[in-house]
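Here the protein sequences come in this chain order: A and B. For the first sequence, UniProt numbering begins at 1 and goes up steadily by one. For the second sequence, UniProt numbering begins at 1 and goes up steadily by one.
Be a bit skeptical, because a hint or two may be false.
For identical chains, the list gives no copy identity; a pair is met inside one copy or between any two copies.
Taking lysine-lysine and the DSS-like style, the derived pairs with C-alpha atoms no more than 25 Å apart in a straight line are [stated by the list, open to error]: (1) 271 with 125; (2) 291 with 160; (3) 16 with 456; (4) 431 with 197.
In short, the hints are calculated from the structure, not lab data.
Below are the chains, spelled out letter by letter.
Protein chains: 2
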Amino acid sequence: MEYKVFEIEDYRNIVKLLGDSDRVLYGEEISEDYSRDELGSVRVMPKVVVKAISTEEVSNIMRYAYENNIPVTPRGAGTGLVGAAVPIYGGIVMDVSGMNKILELDEENLTLTVEPGVLLMELSKYVEQFDLFYPPDPGEKTATIGGNISTNAGGMRAVKYGVTRDYVRGLEVVLPNGEIMNIGGKVVKNSSGYDLKDLIVGSEGTLVVITKAILKLIPLPKKAISLLIPFNSLENAIETVPKIIKSKSAPTAVEFMQRAAIEAAEEFLKKPFPDNTSDAYLLLTFDGNSKEEIERAYEGVANICLDSGALDVFISDTEERQEAIWSARGAFLEAIKALTTEMDEVDVVVPRNKVAEFVMFTHTLEEKLNVRIKSFGHAGDGNLHIYILRDDLSEDMWKKKLSEAMEIMYDKANKLNGQVSGEHGIGYAKKRYLFNALSEEMIAIMRGIKLAFDPKNILNPGKIAQ
Amino acid sequence: MEYKVFEIEDYRNIVKLLGDSDRVLYGEEISEDYSRDELGSVRVMPKVVVKAISTEEVSNIMRYAYENNIPVTPRGAGTGLVGAAVPIYGGIVMDVSGMNKILELDEENLTLTVEPGVLLMELSKYVEQFDLFYPPDPGEKTATIGGNISTNAGGMRAVKYGVTRDYVRGLEVVLPNGEIMNIGGKVVKNSSGYDLKDLIVGSEGTLVVITKAILKLIPLPKKAISLLIPFNSLENAIETVPKIIKSKSAPTAVEFMQRAAIEAAEEFLKKPFPDNTSDAYLLLTFDGNSKEEIERAYEGVANICLDSGALDVFISDTEERQEAIWSARGAFLEAIKALTTEMDEVDVVVPRNKVAEFVMFTHTLEEKLNVRIKSFGHAGDGNLHIYILRDDLSEDMWKKKLSEAMEIMYDKANKLNGQVSGEHGIGYAKKRYLFNALSEEMIAIMRGIKLAFDPKNILNPGKIAQ
Numbered sequence: 001m002e003y004k005v006f007e008i009e010d011y012r013n014i015v016k017l018l019g020d021s022d023r024v025l026y027g028e029e030i031s032e033d034y035s036r037d038e039l040g041s042v043r044v045m046p047k048v049v050v051k052a053i054s055t056e057e058v059s060n061i062m063r064y065a066y067e068n069n070i071p072v073t074p075r076g077a078g079t080g081l082v083g084a085a086v087p088i089y090g091g092i093v094m095d096v097s098g099m100n101k102i103l104e105l106d107e108e109n110l111t112l113t114v115e116p117g118v119l120l121m122e123l124s125k126y127v128e129q130f131d132l133f134y135p136p137d138p139g140e141k142t143a144t145i146g147g148n149i150s151t152n153a154g155g156m157r158a159v160k161y162g163v164t165r166d167y168v169r170g171l172e173v174v175l176p177n178g179e180i181m182n183i184g185g186k187v188v189k190n191s192s193g194y195d196l197k198d199l200i201v202g203s204e205g206t207l208v209v210i211t212k213a214i215l216k217l218i219p220l221p222k223k224a225i226s227l228l229i230p231f232n233s234l235e236n237a238i239e240t241v242p243k244i245i246k247s248k249s250a251p252t253a254v255e256f257m258q259r260a261a262i263e264a265a266e267e268f269l270k271k272p273f274p275d276n277t278s279d280a281y282l283l284l285t286f287d288g289n290s291k292e293e294i295e296r297a298y299e300g301v302a303n304i305c306l307d308s309g310a311l312d313v314f315i316s317d318t319e320e321r322q323e324a325i326w327s328a329r330g331a332f333l334e335a336i337k338a339l340t341t342e343m344d345e346v347d348v349v350v351p352r353n354k355v356a357e358f359v360m361f362t363h364t365l366e367e368k369l370n371v372r373i374k375s376f377g378h379a380g381d382g383n384l385h386i387y388i389l390r391d392d393l394s395e396d397m398w399k400k401k402l403s404e405a406m407e408i409m410y411d412k413a414n415k416l417n418g419q420v421s422g423e424h425g426i427g428y429a430k431k432r433y434l435f436n437a438l439s440e441e442m443i444a445i446m447r448g449i450k451l452a453f454d455p456k457n458i459l460n461p462g463k464i465a466q
Numbered sequence: 001m002e003y004k005v006f007e008i009e010d011y012r013n014i015v016k017l018l019g020d021s022d023r024v025l026y027g028e029e030i031s032e033d034y035s036r037d038e039l040g041s042v043r044v045m046p047k048v049v050v051k052a053i054s055t056e057e058v059s060n061i062m063r064y065a066y067e068n069n070i071p072v073t074p075r076g077a078g079t080g081l082v083g084a085a086v087p088i089y090g091g092i093v094m095d096v097s098g099m100n101k102i103l104e105l106d107e108e109n110l111t112l113t114v115e116p117g118v119l120l121m122e123l124s125k126y127v128e129q130f131d132l133f134y135p136p137d138p139g140e141k142t143a144t145i146g147g148n149i150s151t152n153a154g155g156m157r158a159v160k161y162g163v164t165r166d167y168v169r170g171l172e173v174v175l176p177n178g179e180i181m182n183i184g185g186k187v188v189k190n191s192s193g194y195d196l197k198d199l200i201v202g203s204e205g206t207l208v209v210i211t212k213a214i215l216k217l218i219p220l221p222k223k224a225i226s227l228l229i230p231f232n233s234l235e236n237a238i239e240t241v242p243k244i245i246k247s248k249s250a251p252t253a254v255e256f257m258q259r260a261a262i263e264a265a266e267e268f269l270k271k272p273f274p275d276n277t278s279d280a281y282l283l284l285t286f287d288g289n290s291k292e293e294i295e296r297a298y299e300g301v302a303n304i305c306l307d308s309g310a311l312d313v314f315i316s317d318t319e320e321r322q323e324a325i326w327s328a329r330g331a332f333l334e335a336i337k338a339l340t341t342e343m344d345e346v347d348v349v350v351p352r353n354k355v356a357e358f359v360m361f362t363h364t365l366e367e368k369l370n371v372r373i374k375s376f377g378h379a380g381d382g383n384l385h386i387y388i389l390r391d392d393l394s395e396d397m398w399k400k401k402l403s404e405a406m407e408i409m410y411d412k413a414n415k416l417n418g419q420v421s422g423e424h425g426i427g428y429a430k431k432r433y434l435f436n437a438l439s440e441e442m443i444a445i446m447r448g449i450k451l452a453f454d455p456k457n458i459l460n461p462g463k464i465a466q
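Could you put the whole structure together from the sequences, leaning on the hints where they help?
What follows is the structure in C-alpha cells.
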C-alpha cells in the first residue's frame with residue numbers, strides 16, 4: 001500500500017480544519033501510548049494525533065485524508081488486545097475518546113444515544129439510575145462503547161443476554177471519504193437492504209468511524225445472586241457446564257477460574273477472595289425480578305453441581321459479597337499481566353461442550369512447551385481467555401515459543417469447530433490465524449466488503465483480512 | 001444485465017448434473033406458481049425449475065450457472081410478499097423446499113441444525129417436544145426457515161425475544177460460483193472478521209444460497225398468558241403502548257387490531273373471536289416459568305391499560321382460549337386478502353412511540369385517496385402491516401392510487417425515522433422505496449457488497465439495491 005508521505009504541511013492543514021491546535025498532536029508531542037494498545041505486542045507511532053470532538057470534525061479529517069491518501073486509525077481508550085488501534089502505516093490516529101457525551105435517554109423506546117467515547121462503566125451506571133440495564137459486561141470497564149462496538153465485545157453476561165451487537169440499534173458513522181451516514185435508528189426490526197449495522201459492529205474501525213450509537217436498553221433485573229462453586233479439578237468444574245445448559249436453567253453468567261488466577265487477583269487487588277482453598281471454581285450469576293424466581297432457577301443448578309462433584313456451593317446474595325467476587329474476576333487480566341514480564345493471549349471461542357477439552361489441552365501444552373499458560377473465561381458461552389506468559393525467556397525464545405503455542409492452540413480450536421476470536425477481534429495480531437482458519441473465498445469476500453466501504457484503503461489499513 | 005439465452009441444451013446439462021429428470025421442470029411442466037410469490041404483484045416465469053435435495057446439487061447447479069452466465073433465483077415455500085423469489089431475469093429457479101430435514105438437535109449446546117426447507121411450524125413443534133423454544137413467530141407458519149432467514153423475519157415475539165437474526169448461529173451456504181462456505185457454527189460469540197453471518201441473514205437470496213442453518217434454541221417458558229384489551233378507539237389503544245414499554249414490564253408480544261380485521265378473520269376462519277364489540281384491541285402475551293411471575297408482570301400492564309381508557313381486560317390462560325385469539329391474529333393477512341380482488345402492502349417499521357401517529361395518518365390517507373386501507377401489526381416493536389385494497393378499481397386507477405398511497409406512506413415513515421421494511425424485505429417490489437429512503441452512498445456500498453459475493457451478478461439479480 002502506497003500512501004502520501006506525511007508532511008508538516010499536512011499537519012498545518014489539519015490544524016486549520018480543526019481551528020484548534022491544542023487537539024492536534026504532532027511529532028514529539030505524541031505520547032508513546034498512541035503507538036500501542038493494552039497488550040503492546042505491536043507498536044507504531046502515528047505522524048499526527050487528532051482529538052476529534054464532533055462528527056463534523058471527524059468528517060472533515062476523513063475527507064482530507066481521503067483526498068490526500070493518508071491512512072487514518074480510529075482510537076478509543078486503547079484497551080484493545082490485538083493491535084486494532086495501532087497505526088500500522090503511520091499517518092493519522094483519530095482519537096474519539098473526547099466524544100464522550102451521553103446524548104439522549106428515550107424511555108418510551110428504551111434507547112440510549114451516546115457518543116463513541118463514553119466509557120462502559122459510565123454508561124451502565126447512568127442507565128441504572130433509571131432502572132434500566134445495558135447488559136454487555138466485558139471485564140474491562142474503562143473501554144469505550146465505540147471500542148466495544150468495534151470488537152463486538154461480549155463479556156460475562158453473554159450467556160443470557162447476548163453480546164454488544166444485540167444492543168446496537170442504530171449508528172451514525174463517517175465513511176472513509178468523509179460522508180456521514182445514518183444506519184438503523186430507534187427501530188426494533190429492520191429488513192431494509194443488506195445489514196450494514198451488523199457489518200460495522202465488529203469491524204474494528206476498518207470500514208467507518210463510529211460517531212454516534214443508539215443502544216437498546218432493557219429493564220434492570222431487580223435482583224441478582226451469585227454462586228461460587230468449588231471443585232476438586234478444573235476438568236470436573238468445566239464438564240459440569242454442558243449439564244447446566246442442558247438443564248435449561250438460563251444463568252446470566254457462567255465463569256470458570258483456577259486458584260492461580262484467584263491468588264493473582266488477591267495479590268493484585270490486595271483483597272481476599274471469599275475462598276481460595278480449592279483448585280477450580282465455577283462462578284454463576286442468576287438474575288430476575290424476585291427472590292423466589294431466582295431461587296427456583298439456581299436450586300436445580302446447585303444440585304447438578306453437587307451431583308457432579310462440587311465440594312460446596314457458596315451463595316452470595318448481598319451486593320458487597322458479589323462485589324468482592326466479581327471485582328476479582330474483573331481484575332484477572334491485569335493480575336496475570338502483573339505476574340510476568342510480557343504476555344500474549346488467545347481469545348478463541350468453541351462450542352460450549354468443548355471448553356473442558358480445550359482447557360485440558362492447554363495444560364498439556366504448558367508442560368510440553370515449558371511456558372506458563374494461564375486461563376480463565378466464559379465457560380457458559382465457550383469463549384476462553386488464555387494467556388501465554390513470557391517470564392524470563394529471551395526475546396528469540398519467547399517469539400519462538402509464543403508462535404508455536406499460538407499455532408497449536410488455534411489449530412485445536414479450529415478442529416473443535418471453534419472460531420479465532422470470541423470477542424477481542426482480529427486486529428493486526430491475529431491476522432495469520434484468521435487466514436489459517438477461513439477459506440480463501442471468505443477472505444476474498446471480506447476484502448471485497450472492505451473495498452465497498454473504503455476503495456482507497458485509507459481507514460485502519462493492514463487489519464483483519466488485509 | 002446480459003445473460004445467456006437459456007437453451008434446451010442447458011436443460012439437458014442440468015438434468016445430467018442432477019441425474020434425475022423428475023426434479024428438473026422445463027417449459028410447460030413448470031407451474032405458474034413458480035412465477036410469483038404470495039402477493040403475486042410481479043410475475044415472471046423461469047426457464048427451468050431445479051428441485052435440489054442436497055448441498056452438492058445446489059453447488060453443481062450454481063457452478064454451471066456461473067460458468068454459463070445464467071441467473072438463478074432461490075425459492076422456498078413462496079410465501080414472500082415483495083417478489084424476492086420471482087425470477088425477474090428468467091433462468092433457473094432453485095427450489096430448495098425439498099431440503100427439509102431436521103439434521104441435529106444438540107442439547108448440550110442448545111442448537112438445532114436444519115436444512116432450509118423445514119417449515120417454521122414443523123421446526124417449532126419439533127423443539128417443543130424437548131422443552132426447547134425457537135422464539136421467532138411470524139404470522140405465516142408455512143414459510144420455510146430458509147425464507148425466514150432470507151428476510152430476517154420477525155413476528156409477534158420480537159418485543160421480548162428479537163428476530164430471526166438473533167437465532168442464527170451458523171450457516172452452510174453455496175456461493176454464486178458454486179463454492180460451499182461454512183460461517184459461524186455452534187459458537188455463542190464470534191468476532192473473527194467481518195460478520196458475514198448477519199450480512200447473509202436478510203439478504204433475500206441475493207448473496208448465497210443457504211443450504212444449512214444452525215439455530216439457537218432457548219428453554220421453553222413453562223407458561224404463557226394472553227390479555228385481550230378492548231379500547232374505544234385505535235388511537236387510544238396504540239398510544240398506551242409506549243407507556244407499557246416505559247413501565248419495564250417486558251411483554252412477549254404486543255399486537256394491535258381493529259374490529260374490521262377481527263371480523264374478516266371470523267368470516268375467513270368461520271370461528272368466532274372472543275370479543276368483537278369494541279373498535280380496537282391490544283393483544284398482549286406474557287410468558288415465564290410460573291404463574292406468579294407472569295401475574296406480577298401483567299398486573300401492572302393491565303392497570304396501565306385501564307388507566308389509559310381500556311374498556312376491560314380479558315385474560316386467556318388456557319391453551320384453548322389463547323389458540324382462538326392467536327389463530328385469528330395469524331389469519332389476518334389471508335382474511336384481508338379474501339375481502340378484495342387484489343392488494344399490496346407496506347411493512348414499515350417506526351420507533352415504537354410513533355406507531356399511533358403513523359396508523360392515524362393511514363386513516364386520513366384512506367379518506368383522501370378513497371381506497372380501503374387495512375392495518376394490523378406489531379405495536380410492541382413498531383412494525384406495521386398495512387394493506388391497500390384494490391376492490392373494484394380499474395387497472396389504471398389501481399396502479400395510480402396504489403403508487404400514490406405507497407409513495408406517501410413511505411415518505412411519512414422516513415420522516416418518523418422509520419425504515420422501509422421491518423420484516424418482509426425489499427425484494428423487487430420495494431426497491432424504489434429503498435432507493436428513496438437510503439443515501440446514494442448506502443446504495444453504492446450495498447452494490448459493492450453484492451459484487452464481493454457475486455461478481456457476475458447471477459444470483460437473484462434485480463433485487464434489493466440493484
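Hints and how they fare:
no. : hint         : verdict
1   : 271 with 125 : within (23 Å within a copy, 51 Å between copies)
2   : 291 with 160 : both (18 Å within a copy, 22 Å between copies)
3   : 16 with 456  : within (24 Å within a copy, 45 Å between copies)
4   : 431 with 197 : both (23 Å within a copy, 19 Å between copies)
Checked against the numbered hints above, the structure violates none of them.
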